[in-house]
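Those protein sequences? They're chains A and B, same order as listed.
Taken in order, the first sequence gives residues -1 to 513; the numbers are from our numbering.
Taken in order, the second sequence gives residues 16 to 246; the numbers are from our numbering.
In case anyone wonders, no lab produced these hints; they're calculated from the structure.
All C-beta atoms in this analysis are idealised placements derived from N, C-alpha and C, irrespective of residue type, glycine included.
Please note that a few of the clues may not be correct.
Partial list, derived from the structure: chain B residues whose beta carbon lies under 8 Å from chain A [stated by the list, open to error]:
(1) 90
(2) 109
(3) 137
(4) 243
(5) 245
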Amino acid sequence: MAERAQPISAWPGIGAAALVAALILGTLAAVALRAETSGGFSPADWAALRFTLTQAILSALFSVALAVPVARALARRRFPGRRALIALLGAPFILPVIVAILGLLQVFGRSGWISDVLGVFGLPPIRIYGLHGVVLAHVFFNLPLATRLVLQAWQEIPAERFRLAAQLGCNGMAMFRLIELPMLKRTLPGVIAVIFAICLTSFAVALTLGGGPRATTIELAIYQAFTYDFDLGRAALLSALQLALTAAAALAALRFSRGDGFGTGLDRALQRWDGGAPALDAFWIAAAAAFLLLPLASVVISGLAGVFDMPALVFRAALTSVFVAAASTLILLVLALPMATAVASGRHGLVELSGILGLAASPLVIGTGLFILIRPVVNPTMLALPVTALVNAAMALPFALRILVPAAKDITARHGRLALSLNMGKWTYFRRVLVPRMRPQIGFAAGLGAALSMGDLGVIALFADPQIATLPLQIYRLMGAYQMQAAAGGALLLLLLSMGAFWLLDRGGRWHAEA
Amino acid sequence: MLKLDRCVIENGSFTLSADIEIETGANVAIIGPSGAGKSTLLETIAGFRDLKKGQILWDGARISNLLPGQRPLAMLFQDGNLFPHLTAAQNVALGLRPNGRLTTDEEAQVLSALDRVALPGFGDRRPAELSGGQQSRVALARVLVQHRALLLLDEPFAALGPALKAEMLDLVAGLVAETDTTFLMVSHDPQDARRIAGQTVLVADEVVHAPAQTETLFDNPPPSLRAYLGS
């Protein structure tokens, strides 16, 4: 025996990893070959680069600066609804971007709630479009993530340290310097890097709240090069720039960060003895909850009014979205399960690398590459929906692997020897042991994949012609046509579909699962 | 006869050499200080570790080149002997047919094996619905239907209380006597060895010593065993 026997073969996973690598690297190569460097970067391109970096830095800093007091308050207070609030902090990850934007517009927009209140006092309404709108939306999405990551680090501080510090008579500030500041110094760079990387590839937010020469991200510039000028060479050049940025940021984020914010055990409150400032904590918790809940509540309220005002187009788009999400989830599982299995059986190097490739490429870069590759063969709009499903799956793959790999490792460590000693075949092991034991994780990963695909507004915008639309794209088009009632109804429908798909799959995985 | 022919096993920091023979039908306890390599020895015989040198033979045929499932042996581990999502009967059935459906005749064998370990009518229960002792019995029922010539026990009953452990050991002794199985059992407890094992193998100082009569060995222990026993 040249190597340790394994209950399951790594080859299907290696094959899946090769497919993913071919998809991502192939499209990147297509982009690189097609990029027209002769013209170099125009002033508009440099502006897009500057704006992309500025908004990502500001979004990361604001998210983290606000997350620290919120996480500190959550870490040391116990109150009814705390568990629900922490669960809610996970929701923006699967919240369709277009839904959140509609909600933010209704709260912070020109004719939104806050502007109305300002108007009562004779103050001018706030303007949400431009840099501050983009940053506001990014903070909305990433404050919860940052809070979860920081909270996790807070909860990992051993209770004995707080006990010892209390015994020594440390009060608030001394306790902070002694225990919490070192933890924050360790944790925050990683959190900032992760959020910075996420915001670099922002497309839907920039598309709806940015725009114009002064608020265009590179991702948006790629889209504009496509749709306004149909200048593939320039789209490819911008894609190459975007790729260099995201790859560098993803590397930095992976290097600095640990944990993934999906961690459980966050519902435990720290026992502390330094009192703290209850009123201040209550303020931070209430403010964060309001910031997250008001836009969602507003979508639900306005959506209920708009439900009866929706054209048939919306329902057709919803049906399309359900099909795309289902296909995308299927592709995701067909790739992720064998890859997780291969990593668990010890053949991990290249498989893991291929699994995180998706983090380095942005959807529009891959979309551009696929467009270049497909166009000589067939009209790309014919493949708009399959391509969307495929790219959605590739983008969800790194998250799915983070969920599946630890479970697969655990099961192989626990049951591998028994399966081997029973001479169980590899396929039987997969079917009768691995999949049944991993059902909760499979359900969770599938739920995330389905919700992400359902709410995605990215590649579809590149490929679709006016006849085809997924629900997010349809909502965007309705907003562009100022049919806000119908858009709000569609947003409520999309919210229900995304959350419903997640809930159904996640529950389905845990239903009757034995410990 | 099981023969460890000039075997050298490497496990991280220590090596273990073994050159011993064990007669067919013998009941052997493996005893020695913790960390001496008792479990490592069993895992190597079962095929979960590679030999550095030497070979393992069963009845003259080399088995050290076979995959774990192809060796003529069944093994019970310290834990994880049952799949928690399968019923007792399904777990036992894996011993007969790990990859397919049972014939009617084989289903009858599963039921009679459960009867034999005093668990009639427990076939539909999952491990979580069974007590620790009952779980051990299900694993033994699977060993019964496997019909292997050699049985290796890596302290599968260590988590049970003393009375229950003694009961399980007696059950094992009865079963192996019935089926003329050779069996090797890792143990920390000299009482276990005296209870059911005619011979004892001492693993100490990086050497697997030849089997000796259990009574003789404990009545007149060599220095390394005396150090372990503390007597």
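May I ask which of the numbered hints given earlier this structure violates, with the numbers listed in increasing order?
Structure breaks hints 3, 4 and 5.
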